[in-house]
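Chemist: Note that the sequence shown covers residues -10 to 283 in the working numbering.
FYI, nobody ran anything at the bench for these hints, they're computed from the structure. One or more hints might be untrue.
Ranges of calculated distance between the beta carbons of each label pair, as one might list FRET restraints [to be verified]:
(1) His68 / Lys136: 31 to 39 Å
(2) Glu176 / Pro141: 27 to 35 Å
(3) Ser236 / Gly145: 16 to 24 Å
(4) Gly145 / Glu173: 38 to 46 Å
(5) Leu43 / Asn171: 28 to 36 Å
Backbone N, C-alpha and C define an ideal beta-carbon position, used for all residues, glycine too.
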Amino acid sequence: MTMLKLPTATAPSASPNSRTRTRRGRANRRPRGLIAVTGLFFALLYLPIAVVALFSFNSQKSLTVFDGFSLRWYRAFVHDDVLIASLGTSLRISLVAMAGSVLLGVALALGLVRSRTRLGSLAGLIMLVPLITPEIVTGVASMLLFKGLGIPLSTGTVMLAEITFSISYVTVILRSRVAALNPEVEEAAMDLGATRWQAIRLVTLPALLPAVLAAAVLIFALVFDDFVLAYFTTGVDPQPLSVRIYSAIRFGVQPTINAVGTLMLAGSIALIALALFIPRLFGRRGGLDILSGE
């Protein structure tokens, strides 16, 4: 008697779609080691800043033991005439440097984009040199220049040095924006009777306004926090706030310095956030695109 062999059921093979999803899942899986290294990096970067901000609210003078929250050192900063005078000096320097660098940077960006000669290309390369030059080299060179010309170091020399250093940043931000503008719009304005200057003032500059405002806010934040260039070009008194803080910590870190540093950090973050948000107010793309002028 013969036995009939029944066919055995085989497991269905995986479909091509499921195999594709599996490969994609493995490809998109985040390596745990990379996440750990990234977390360690940010911890080392921001933990000291967080400690400074925390101890600025310490109720005691200790810089190692936190004894409770208090605004004692912020009140001490407000009543410190020397630090307040340095704060006013830094604000004046930042405003003047912002205005001067934006004015010259807009003109330079327009000239570099509209120039069709080799001299314009060479000027574009030279414009990038301050961005890659160490700031300490720029600071020493500025100090030697002022002393060689017989100009005494003062708040005015800091303003001149900061304007010179900041022009490149403004030009980089605005150059791509100028290149993206349609030159036919200016030509149409001149066909309607406008002069070259009127076309730039009434057509080009309004189109550049979001980028100009964002560049101005960024320059203000950069100059206000700058130490190296201000240190080499400032006089005896009044000193910018960053230089005054450096002079104070040489004799020991006081809790008031923690409060000043926290306020400067908060102000810088607010200004940079404002610079990144300004294009959205005009219906343009915001975010980090503004740093490249796109």
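Chemist: Each of the hints needs a verdict: does it hold here or not?
Modeler: Now the hints, each set against the structure:
| no. | hint | result |
| --- | --- | --- |
| 1 | His68 / Lys136: 31 to 39 Å | holds, 37 Å |
| 2 | Glu176 / Pro141: 27 to 35 Å | violated, 49 Å |
| 3 | Ser236 / Gly145: 16 to 24 Å | holds, 20 Å |
| 4 | Gly145 / Glu173: 38 to 46 Å | holds, 43 Å |
| 5 | Leu43 / Asn171: 28 to 36 Å | violated, 52 Å |
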